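> Given the sequences, and given the hints that come with them, work out the whole structure.
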Amino acid sequence: MAKPRIALYWAASCGGCDVAVLDTNEKILDIADIADIVLWPIALDFKYHHVEAMEDGAIDLCLFNGAIRNSEQERIARLLRAKSKVMVAFGACACFGGIPALGNFTNRAEIFERAYMEAPSNANNNGTFPQTLTKVSEGELELPEFFDTVLTLAQVVDAEYFVPGCPPPVDIILKVVDLFATGQLPPVGSVIASDKTLCDECDRIKEEKKITKIYRPHEVVPDPEKCLLEQGIICCGPATRGGCGQRCIKANMPCRGCFGPPPGVFDQGAKLVSAIASIYQGNTEEEIAGMVEEIIDPAGTFYRFGLADSMLKRKRL
Amino acid sequence: MSFEPKILGILCNWCSYAGADLAGTSRKKYSPNVRVVRVMCSGRVDPTFILKAFDSGADGVLICGCHPGDCHYAEGNYKAARRIPLLKKMLSQLGVEDERLRLEWVSASEGDRFASIVDEMTEQIRRLGPFSRNSGGGNG
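Protein sequence lines, in the order shown, are assigned to chains A and B. Oh and the first sequence: position 227 is 226 in numbering that gives the first Met the number 0, straight run, nothing missing. Oh and the second sequence: position 54 is 53 in numbering that gives the first Met the number 0, straight run, nothing missing.
Read the hints as simulated data drawn from the structure, not as lab findings. Only a predicted model underlies this, so the values are computations on that prediction, with no experimental measurement involved. It is possible that some hints are incorrect.
Computed Cβ-Cβ distance ranges for the label pairs, DEER-style [said to hold, decoys possible]:
1. 108(A) with 68(B): 48 to 54 Å
2. 126(B) with 138(A): 52 to 58 Å
3. 115(A) with 71(B): 57 to 63 Å
4. 127(A) with 34(B): 51 to 57 Å
5. 286(A) with 123(B): 23 to 29 Å
6. 262(A) with 98(B): 32 to 38 Å
7. 109(A) with 2(B): 26 to 32 Å
8. 74(B) with 262(A): 28 to 34 Å
9. 220(A) with 131(B): 43 to 49 Å
10. 98(B) with 285(A): 19 to 25 Å
Ideal Cβ placement from N, Cα and C applies to all residues, glycine included.
Following this line, the structure appears as structure tokens:
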């Protein structure tokens, strides 16, 4: 019997998800044993036309990491969707937009202005901006079109499974491969992680959640045994899916929400507003204004990984 | 056709819903643009309800609860008093106009006040126009 074929692709991402796959160490050889890897830009020299030449459905499993922020990523997402039997949104960016989706607070024009004109290291006196088509003496040069809005994978093509995390932890990656290899994949649409919140799984000592001041992580050294929220540090645990192995918590850093909303939560950011405002102690107008002021950037904090997947999806233009 | 704002009112059972009821039984005329949902306490209003309302086609959301100190459950309205300003700050970062979300204290005897709040909010939102958001599709 022919080995199943696996493709791995990166779109708008940092490469961390691919590195996480390599973090499986010698287990990666087991993966190569049970399957043929047919596309993996970070590690292997396959070209797009190799994929285009395949029949539809020829790839058994595609692990797609990264959000969709330009036309090339959109094209490859559609191509891989057509060629793949099972498409997995792999990592926070593919699932919820991730860090690239913070670009949804702005748009292409503002990003180009910042990147090519304003940034202090620029010397762009001619006002040169990237063009999708440039004529040179040798012919025409093409660049993908940069989108105003960063999209999640599922906003572009259907995805069967969602593997959250920035990046997905090794045990979950191995679980996905194992479920695939043994034909035990869960119902389509499943998120392959825990069904509990991070707070539910957190090992820290939790007492009464009452805070009177909010600290940013650099302002205090938190007690490593106690709930971070109770110490006044904004932790996204109450409205974030668990299953991550408490990586940040164990490093004495608050949860930043990379596993996305837990089951049944419509909007992660609004749920975090609810949680943080509920535990803050202060009923007078001044105290409440103080709380609002202490939370410097609520949208950036509560939608750090989830803006593209939130109700509003982006700043209204 | 002129734009008629759709406002979702979320009113607490003990003060504000009774206040709205009083506006009705007193034959007080006010804008018919508010659709009222009764909850037991303004402290029950999860900010996700508000986003869900906008997602479902509301142009504005009005939350009403008991005056500070009057909450039937002692401090539920204080929770609303903290959540709504924080949600407003977050929504303003995302370009949602301040007038689209309003928190007011309305007691059971303030039928007139409820009516004038609804009238005022309706006019403000009429000026803003329908709530729209960018679909995020393609290059939008």
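> Hints first: check each against the structure and report whether it holds.
Okay, the hints, checked on the actual structure:
Distance hint check: the CB atoms of residue 108(A) and residue 68(B) are about 50 Å apart, consistent with the given range 48 to 54 Å. Our hint of 52 to 58 Å for residue 126(B) and residue 138(A) holds, since their Cβ atoms are close to 53 Å apart. Distance hint check for residue 115(A) and residue 71(B): the Cβ-Cβ separation is about 58 Å, which falls inside the suggested range of 57 to 63 Å. As the Cβ distance of residue 127(A) to residue 34(B) is approximately 53 Å, the hint placing it in 51 to 57 Å holds.
The supplied range of 23 to 29 Å is met by residue 286(A) and residue 123(B), whose beta-carbon atoms lie about 28 Å from each other. Checked against the given bound of 32 to 38 Å, the beta carbons of residue 262(A) and residue 98(B), roughly 34 Å apart, stay inside it. Evaluation of the 26 to 32 Å hint for residue 109(A) and residue 2(B) yields a pass: the beta carbon distance comes to about 30 Å. For the pair residue 74(B) and residue 262(A), the beta carbons lie near 29 Å from each other, so the given range of 28 to 34 Å is met.
Checking the proposed 43 to 49 Å range against residue 220(A) and residue 131(B) shows it holds: the Cβ atoms sit about 46 Å from each other. In this structure the supplied range 19 to 25 Å holds for residue 98(B) paired with residue 285(A), their Cβ-Cβ distance being about 23 Å.
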